[in-house]
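Q: Sequence:
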Amino acid sequence: MVLDTEAIGGSLTGRVVMVTGAGGSIGSELCRQVSRFRPKRLVLVEQAENGLFHIERALRAEHGDIALAPHVADICDTKRLETIFATERPHVVFHAAAHKHVPLMEANPGEAIKNNVFGTRKVADLSDRFGVEKFVMVSTDKAVNPTSIMGVSKRVAEIYVQSRAQVSNTQYVTVRFGNVLGSAGSVVPLFTEQIAKGGPVNVTHPEMQRYFMTIPEACQLVMQAGVMGEGGEIFILDMGEPVKIVDLARDLIRLSGFDPDRDIEIKFTGMRPGEKLFEEIAVDEENVDKTKHPKIWLPGRVSHMLRRSSARSPSCIASPTPGRGGAQARAQEASCPSTSHPTSDPILEAAPESGFRHRPTPVALAN
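Just remember that this note's numbering sits 1 ahead of the position in the sequence shown, which is counted from 1.
It is worth saying that the hints were derived from the structure and are not from the lab.
The structure displayed is predicted, hence computed values, not measured ones.
Note that the Cβ used here is the ideal one computed from N, Cα and C, for glycine as well.
The reader is advised that the hints may include incorrect statements.
To be verified - Cut-off 30 Å, straight-line C-alpha distance, at most; resulting in silico cross-link-like pairs (DSSO-like, lysine-lysine):
#1 198 with 293
#2 245 with 198
#3 198 with 268
#4 80 with 41
#5 291 with 268
#6 293 with 41
#7 268 with 245
#8 277 with 291
#9 245 with 291
What the hints assert, rightly or not - Label pairs and their computed distance ranges (CB to CB):
#10 248 with 197: 40 to 48 Å
#11 270 with 6: 39 to 47 Å
#12 4 with 270: 38 to 46 Å
Please model the entire structure based on the sequences and the hints provided.
A: Structure representation (structure tokens):
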């Protein structure tokens, strides 16, 4: 895969780069890829201390001359985030922190909204407040015409990040892609574990299919798209053709030296709450065009819309509308208080222009 390493280096070399969710599958690989371009300092933000410990240790072993700043932090903790931004003063932020497991978030909708929506808002708002030059959010194909709480939360986060691009000097960019092979909780390590135990290998539906990409390739393209973005874009990575999950299961069984359905049973367990048979890369309104990179696409209509001069003032994006929100807004703010500009629902204000046609059912956020 061809990368514009000169452009990426110009954005990252000698700069302070922050990665949220630094201990996760995508975040940790982003840290490794960014380190190759020798940033002045790499700021690692991660809630799970074990994940942060492992990636910090790996980076010190591989890139011992790069300054690392590991921070155990929850992206919904306003004061903690403010301290980190004030101390580190990042030039570039890669926002990979998110709750991503669909069935788990169906059972815990308040946590999905709190982390994926309000946590993203905090990181995005602080990036503007502290003069970050580029903010790159990692998103998912599950945000397209979402049927799950997780997908809805990521779509709302996309819309909010786009809205910030209209009123900020920070360049806000979103990169959307599908499943990555080998990530924590993904089907490949799960199937491998089931095969090692002699089966059965559990597949939800015989027609279930997903897009797949390797973690290193996805992270390299996230950096490339981040450099290409001028603010407000949602870039879509070319994931190739979708793969049937049952075919992937059969291939893994064969690679393990067994015959599917004879040595190892494949058991269909039924679709779980929030799941779709297939994922989409763009909503109907997003007419996807190629960019100068063959593996990165851009919805032409959306990018054109976001480059127009916005009729809204900054206060319309970041300030509450009188009489709206009520008890629900107060519950949301109590769960995950706003940063500098509290707001009732600026995201839904932007929704009609952004192709978000499936509004989530209101949920009460846990304290």
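Q: Going straight from one Cα to the other, do residue 198 and residue 268 come out at no more than 30 Å?
A: Cα-Cα ~14 Å, so holds.
Q: For a C-alpha distance cap of 30 Å, please report whether residue 198 and residue 293 respect it.
A: Violated. Residue 198 to residue 293 sits at ~46 Å, over the 30 Å cutoff.
Q: Given the hinted pair residue 268 and residue 245, is their Cα-Cα distance within 30 Å?
A: Holds, at about 15 Å.
Q: Check whether the Cα positions of residue 245 and residue 291 lie no farther apart than 30 Å.
A: It holds: about 26 Å lies between the C-alpha atoms, which stays within 30 Å.
Q: Hey, residue 291 versus residue 268, does the alpha-carbon distance stay inside 30 Å?
A: 40 Å, violated
Q: Would you mind confirming whether the straight-line C-alpha gap from residue 277 to residue 291 stays at or under 30 Å?
A: 26 Å, holds
Q: Taking the CB of residue 4 and the CB of residue 270, does the distance hold inside 38 to 46 Å?
A: 40 Å, holds
Q: For a C-alpha distance cap of 30 Å, please report whether residue 245 and residue 198 respect it.
A: The given pair, whose Cα atoms are some 23 Å apart, holds under the 30 Å limit.
Q: Can the restraint linking residue 293 and residue 41 be considered satisfied, given a maximum Cα separation of 30 Å?
A: 29 Å, holds
Q: Go ahead and decide if the range 40 to 48 Å is satisfied by the Cβ distance of residue 248 to residue 197.
A: Because 20 Å falls outside the window, the suggested range is violated.
Q: Return holds or violated for the Cβ distance of residue 270 and residue 6 against the range 39 to 47 Å.
A: About 44 Å separates the Cβ atoms of residue 270 and residue 6, which means 39 to 47 Å holds.
Q: Does residue 41 sit within 30 Å of residue 80, going by the straight-line distance between their CA atoms?
A: Status holds; Cα separation ~25 Å.
Checked against the numbered hints listed earlier, the structure breaks hints 1, 5 and 10; every other hint is satisfied.
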